[in-house]
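S.K.: For reference, the chains in residue letters:
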Amino acid sequence: MAVLLVAEHNNKALNGATAKALTAAKALGAPVHVLVAGAGVDAVAQKAAALEGVDKVLVADAPHLAAHLAEDLAALIVPLMANYDALVVVASTTGKNFAPRVAALLDVPQISEATAILSPTQFERPIYAGNAIQTVEVTAPKKVLTIRTTAFAAAPEGGSAAIEKIDAPAQSELAKFVSEDISQSARPDLTAAKVVVSGGRGLGSADNFKLIERIADKLGAAVGASRAAVDAGFIPGDFQVGQTGKVVAPELYIAVGISGAIQHLAGMKDSKVIVAINKDEEAPIFQVADYGLVGDLFQILPEIEAALDSRK
Amino acid sequence: MKIIVPVKRVVDYNVKIRVKPDGSGVDTINVKMSMNPFDEIAVEEAIRLKEAGHADEVIAVSIGPAKAQETLRTALAMGADRAILYKTDLPIEPLAVAKILKSAVEKEKPGLVILGKQAIDDDSNQTGQMLAALLNWPQATFAFKVSPQGETVEVVREVDGGLQTLALRLPAIVTVDLRINQPRYASLPNIMKAKKKPLEEIDAASLGIDIEPKVKVLKTAEPPTRKAGVKLKTAAELVDKLRTEAGVLQ
Ligand SMILES: Cc1cc2nc3c(=O)[nH]c(=O)nc-3n(C[C@H](O)[C@H](O)[C@H](O)COP(=O)(O)OP(=O)(O)OC[C@H]3O[C@@H](n4cnc5c(N)ncnc54)[C@H](O)[C@@H]3O)c2cc1C
Ligand SMILES: Nc1ncnc2c1ncn2[C@@H]1O[C@H](COP(=O)(O)O)[C@@H](O)[C@H]1O
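If you're matching them up, the sequences are chains A and B in order. Under this note's numbering, the first residue of the first sequence carries the number 1, and numbering increases by one thereafter. Under this note's numbering, the first residue of the second sequence carries the number 1, and numbering increases by one thereafter.
Take every hint as true, because none was put in to throw you off.
Selected chain B positions facing chain A (in silico; Cβ < 8 Å):
{"id": "1", "residue": "ALA133"}
{"id": "2", "residue": "PRO138"}
{"id": "3", "residue": "THR141"}
{"id": "4", "residue": "GLN164"}
{"id": "5", "residue": "THR165"}
{"id": "6", "residue": "LEU166"}
{"id": "7", "residue": "ALA167"}
{"id": "8", "residue": "LYS214"}
{"id": "9", "residue": "VAL215"}
{"id": "10", "residue": "LYS241"}
{"id": "11", "residue": "VAL248"}
Think of the hints as simulated: they come from the structure by calculation, not from any bench. These numbers come from a predicted model, not from an experiment. Using N, Cα and C, we set each Cβ at its ideal position, and we do this for glycine too.
Start from the sequences, fold in the hints, and give me the full structure.
M.R.: Set out below in structure tokens:
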């Protein structure tokens, strides 16, 4: 049969995580159909159809699908699964929300945050905040997988799959969207950025976070944070990197005033190059850092800015 | 209304876990165990809703070995009114937990079930959503704020990029994120009182629910380790290394 991959998008643009999840979906060794569920999603469907390796795009376009509520998505996806062996979903807050609802309705287990597809039935996934990696086998008739997209390369463009419209079931009476408050930032998305500069409790205040932002802007980087920085109110929660925040794996991760608790490392230790700046030379972050600077961040950050400006 | 709070006994979040050399799993013998941190937050939220007059009873439920009684006593010491242990020594997966919780819901008829968003041992983040599916109830995961309003509950959720507000028809499922509250410590008098609160024990096998594991764990391995790198002297040296040696900056 085939694999159903659910596109991650905001109704306007296809999220880059979809192309990475596509690589995971293709590794299952069957044709991949992409479901684009939302409102006014023509442009998203076009982009999905242009990904190499997509065999068909299904589009469910209805106003009530705009908010991607689990109740509505599950009602749409569960009947479709009669035609598929596997459901593949990005492990985003949207995917983590609806995928287990679908799995339970299909009466099958879900594999969360898969980091490797070894065969159509065998997968790897992290447990204990990434301090152990399990290899698991699922024999259930249908597989439901959420994908940790930092572990997969993006599938390239170059496809031209057919786009087919499908009907959406009526809106669920159970849950209604009320409002949203999504931060608009000119910086790249944390989970997609090539460079991430993160600040921790050591920054001391929201105002001081500007030091982080200035370096990030010089590098075209995203800004991240530790939980302590978020809890102290230096920066909003959606910037948190870690076991319970975002998982990132950029080319370069710069941790500033972050001690390196295991819950933070869980979200960034697969970065290609890690830099740590901390005044405590015993800080655990140095155990995973390729380059370390021991010292006061308030002195070091302006020096880095100056060094970046020279030779440019 | 009643609120059910499922609480899981897990390896304490401060413990540095060890993978067994033979790849058969994670060493949990003689390791400090505690309530899953997200479940402490869920218990706290339920108690606050009760204190605010939105609920009249908070019931803590755990599925696991006899030792999970300790976890339930912690919930009772925090302020839950009574507890139910569904006893099993099997390793138990989220779908099976959800099926057992469904039977607890049918028995107790709560208006809300508040769970943690994820257990920090298996990091599944599934159980609440699965329970919502099995009951055909609405769900709000990653809750940041929970406000019951008559027949509905309004929940602000932490989503990628910001916050989303939903209105759920009651009864409903909520899973809580880190920032919704700061759980209280149980005071000594409350720990003493908790010893006298009712704790019912039910043999999970007696429910007639299939709770056999469906996912076979073939191997548990250490993640690839990173080596500590070099400590540099100056910011200029760092920028230079990143440009030339690491090649990650232009
Ligand atoms: C269930 C659970 C989930 C969690 N999830 C996450 C998560 O997803 N992400 C996360 O990050 N944490 C998470 N945590 C919290 C985690 O355990 C740590 O508490 C947190 O990461 C600490 O943040 P920090 O490193 O900024 O603060 P601290 O540990 O306080 O470290 C601050 C560091 O700044 C340094 N510093 C201070 N001043 C300066 C200066 N002037 N110059 C240079 N260095 C300086 C200090 O030496 C210190 O190393 C979680 C915890 C729990 C229990
Ligand atoms: N064995 C269990 N007993 C009670 N509650 C559980 C159990 N397993 C999971 N839960 C609940 O489900 C939540 C999510 O767990 P999980 O889906 O395993 O990440 C936890 O925070 C608990 O509230």
